[in-house]
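Asker: Use these hints to put chain R onto chain V, whose structure you have.
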Amino acid sequence: MFRSKLNRKPRFSQGELISIRTREEIRVRLDILNKRDHCLMTEQMWGYCGQHFRVMKVVNHLFDERKNKLYKSHSPLYILENLICHGIVDMFPHKCDRSCYFLWHEDWLDNV
Amino acid sequence: MCQLKDIEKMGTITRIDESLEGMRTLLKSMYRAALRARTFFSPASAGVSLPANPEKREIGPEDRVRVRSKKEIRSLLDEEGKYGGCRFMRGMYEHCGNSYRVLKDVDFFFDEARQKMVKTKGLVILEGANCSGQQRFYFNRCDRNCFFFWHKAWLEKIP
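Sequences listed follow chains V and R, in order. All the letters of the first sequence, read from the start, carry residue numbers 9 to 120 under this note's numbering. All the letters of the second sequence, read from the start, carry residue numbers 34 to 192 under this note's numbering.
Check before you lean on any hint, since a few could be wrong.
[As the list claims (entries may be wrong)] Calculated cross-link-like contacts (lysine-lysine; reagent style DSBU-like; alpha-carbon spacing at most 30 Å):
#1 K137/R x K152/R
#2 K154/R x K190/R
#3 K43/V x K42/R
#4 K77/V x K42/R
#5 K65/V x K42/R
#6 K65/V x K43/V
#7 K104/R x K154/R
#8 K137/R x K190/R
#9 K80/V x K149/R
#10 K42/R x K75/V
#11 K65/V x K75/V
#12 K190/R x K77/V
No lab work stands behind these hints, which were simulated from the structure alone.
Next comes chain V alone, as it looks inside the complex:
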């Protein structure tokens, strides 16, 4: 009833084994800022291309701490098992230790 028209049904489910597409396949799906539907493909994420991982969670909702609001994601996003950010980002003066799970856009993933 309250689903946004922008959302589409996730293709993968929790626990499913998926493969991350190759660098070339992902690159053609990104805009000039390395984003797909505003989801950024970070430097560290390129290192996992072509590898297999298990879906830990389908990300339907995201809490924005800055705005203090819960958002429903536009496009299917996923969290993959053990893929956490090491925190070395050029925009930060120090290494961030939050160890966030990366958000993977569905278009960057494929069936095994």
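Answerer: Here is chain R on its own, set in the frame of chain V:
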């Protein structure tokens, strides 16, 4: 660049959440007032012995630790539910008494709310102790699966 910078553009606020925003703010302030009143009339530390030298624990990455009991942790928290500025969140109580491996020391982290890097002291993250995303006054849960920040005083090292 960090993925967290664009969180608000990755989604839309649902109609039900939007319509309840004002109500939620009111409920949150009422809840906080009730919490303060409860702490004022019955301090959490009553009848509970404080852990000895909670600040002196030497806990580091790879160590096995046990999360202290609810009572012990409550005795350490102030009226805002914080210890050393770190909030003990509601979802963290379910981990009390369980043992985990320390994944990392938290020296710096990016504070999304303030949009800046923050230096911290005495915090760690534990493997497998993640936020379930369930929050008061929200119908849907957040799926970001963030690691909780644990103050070392809330943990006991397992030899």
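Asker: Where does the structure disagree with the numbered hints, that is, which hint numbers, in rising order?
Answerer: 12
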